[in-house]
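Protein sequences appear in the order of chains F and Z.
Heads up: the first sequence is residues 278 to 689, going by my numbering.
Heads up: the second sequence is residues 278 to 689, going by my numbering.
Think of the hints as simulated: they come from the structure by calculation, not from any bench.
Think of the CB as a built atom: it goes at the ideal place given N, C-alpha and C, for glycine as much as any other residue.
Do not take every clue at face value.
Said to hold, decoys possible - Some chain Z residues judged to face chain F by a derived CB distance under 7 Å, without partners named: (1) F321; (2) M342; (3) R367; (4) M374; (5) G563; (6) I565; (7) G591; (8) Y654.
2 protein chains.
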Amino acid sequence: MTTTIELGLGEQELALRERAGRVIPGGMYGHMSVSSFSTAHPQFVVSGEGARVWDADGREYLDLMCSWGPMIIGHRHPAVTAAIVDQLGRGDCLDGMTPTAVEYAELLVDTVAAADWALFCKNGTDAMTTCVTTARAATGRRKVLVARGAYHGAVPGFAVRGEGVTAEDQAHLVRYEYNDLASAQAAADEAGSDLAAILVTPFRHDIKRDQEMVDPEFARGLRALADRTGAVLVLDDVRATHRLDLAGSWEPLGVRPDLSAWSKPLANGQPLGAVTGVDALRGAVGRIYVTGSFWTGAVPLAAGLATLTELRRGEALPTMERAGSRLRAGLAAQAAAHGCTIRQTGPVQMPMLSFADDPDFRVVTAWAEAAVQRGVYLHPWHNWFLSSAHTDEVIDAILERTDGAFAVVAGR
Amino acid sequence: MTTTIELGLGEQELALRERAGRVIPGGMYGHMSVSSFSTAHPQFVVSGEGARVWDADGREYLDLMCSWGPMIIGHRHPAVTAAIVDQLGRGDCLDGMTPTAVEYAELLVDTVAAADWALFCKNGTDAMTTCVTTARAATGRRKVLVARGAYHGAVPGFAVRGEGVTAEDQAHLVRYEYNDLASAQAAADEAGSDLAAILVTPFRHDIKRDQEMVDPEFARGLRALADRTGAVLVLDDVRATHRLDLAGSWEPLGVRPDLSAWSKPLANGQPLGAVTGVDALRGAVGRIYVTGSFWTGAVPLAAGLATLTELRRGEALPTMERAGSRLRAGLAAQAAAHGCTIRQTGPVQMPMLSFADDPDFRVVTAWAEAAVQRGVYLHPWHNWFLSSAHTDEVIDAILERTDGAFAVVAGR
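With the rest of the complex left out, here is chain F (with noise of 0.2 Å):
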């Protein structure tokens, strides 16, 4: 270890927090409020490039939230920037559409395996709205089954904690368990005839809770159940997008969705949205009303473009796979070697670790502490994302910083 280990804050995020503190509520907001997680975390980031951050004091970080998702080629990936740049030299939001977002959902439904149709949205919120309101113009019913402590968005018709939601607001949501089909039937027993459509993520990532690969059985289990009930089967793809699998994150279990919600790292950072869908849907589409003013906004699409064309290539899904898999094995290692128990969950590709004996994430959190202040960003008890950018290199680099933080809570 030849990293120099500086505690506490610097002299620029003290600062900037003060500033932030007078003109945004709690100096921010949302799940990159750092107070909400860790109290040695910057909660400013001012640069990256490929798998590193750079903070306000001008600290490294080997990057392993990539921004909580979207960046999934790395920061300030040049094929990103030229398409941007190159946009721009036309025109951003303009009074119609871009030839761009038609290019871009011909690429996009070549793509996804369950795609005859995309539209465009910011939000992944914006997404899940649009899937759940088209299954509720498709079917005329109202009834969506959700898991149990799933998260489909910050809104108040999805809101899984927060203040000012209304009983109204989830009036039609029928809970089931992840991966438990029973429960799942039962709910759609439930719903009876006013079942109009099943939400299910790829595989469960709700926070404070290890991960769980979703059971083959179950994923087809709801297929069938909502051909049988006439329910959409909506997947919620927003977080997993694009990387577990191009063609939607359960198309290799052979079960295909029809409706898919998307966002995060589709445009490598900008902000874009996406629900694809079948055939038979196109027609209840038309007839909700959805729409946004940047919607349509030919920056954002044409980083999209860039970004799905750079992925196509082939590279970046099996190196961040192979970067998944170094990494979650020598974490194993060390924490082996500090004598600690933990657990690895989820997707290699989007990891999850949390230590036994730990129901209030205190040794996760001191563990994110000292990662952070090694100079590894991570979070203790939200999944990470790996990129391409996630070399060999980078994978031993942050090990070599993350042995450390396991010295730090051994024996607790």
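Position chain Z relative to chain F; hints supplied.
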């Protein structure tokens, strides 16, 4: 009139429509779907500069829509492009907040009279949903007063058209009539002790309806009603953002909302929304959970900072007002010369034109189609938007082209 009049859609346009029809439901969706308002407008716009846009066949249009609002200092404004390119050199969506967010929040709070803090999002709908959720968290109440016909976003909670919306989605909305204080009072009485918020747009800008300026007594009455009932007054400034008064659209009236929603031209085309509010609501907004993957993305925030900086130089708003007045006077004179009876409503910077005895919009649609065929991009039944790129010369060129459009419909 020396402009060559090209009737019919171009070859590239038709080819793009055919491709789009295969991979995008209906070929396009939402407010920019030309099939909903015109047979003559191009669906595709490939570039823009200042107050001009070009379609896929190279035809030039003088732009009176400004992309339905986002372009406030003109397409491809060099200061915004420079800010985007500069920010791209550091990164876009990063692991934490960018210092630009703080600088921009400081500038927005300094600019908006009723703002003690700011929060950033992506869509105007995000901003309005955040306002309602905050109001409910602050008051512990549920009911929300909304003007009949008002547009606050294309989501089930606010939808005024489209399928897939359930009764429960709007269970707590209570309708009042815009500019009718007695109806607002009656709605508040109906909500009783459960009244959380009063939503209002700065003027009435419902689609397919002449615009209507706010009665200052109505605005003051709503403020008093909110004070009397403990409800939160929410000004939906999304559409009017920055065009009427940088301090807020009701600042000239001396009426300050508790929360304001902003979007459209904040970042001159890049995707950005914002909520600003008073100190008393800082705690409540901290207790709700709202977030989005790209809400602190640095590139849109850098574009927002550049746009507001440019607007604060002081020339843009007077330019838009002068352009709007010149346009209004010119259109009035042309209509009179052609024997057409028209109404021009709303603020001159956000004009709307309708014809007498035209309940089904046939005349204004024919006029708008004739205008676009002569190279002026405008809408038959949605308000238009001016930008600071609308110089006297641009307005005069627009008027040169609209004269022929009046000739087409004269005598109908």
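Q: Sort out which numbered hints this structure fails and list those numbers smallest first.
A: Violated hint (a single one): 7; every other hint is consistent with the structure.
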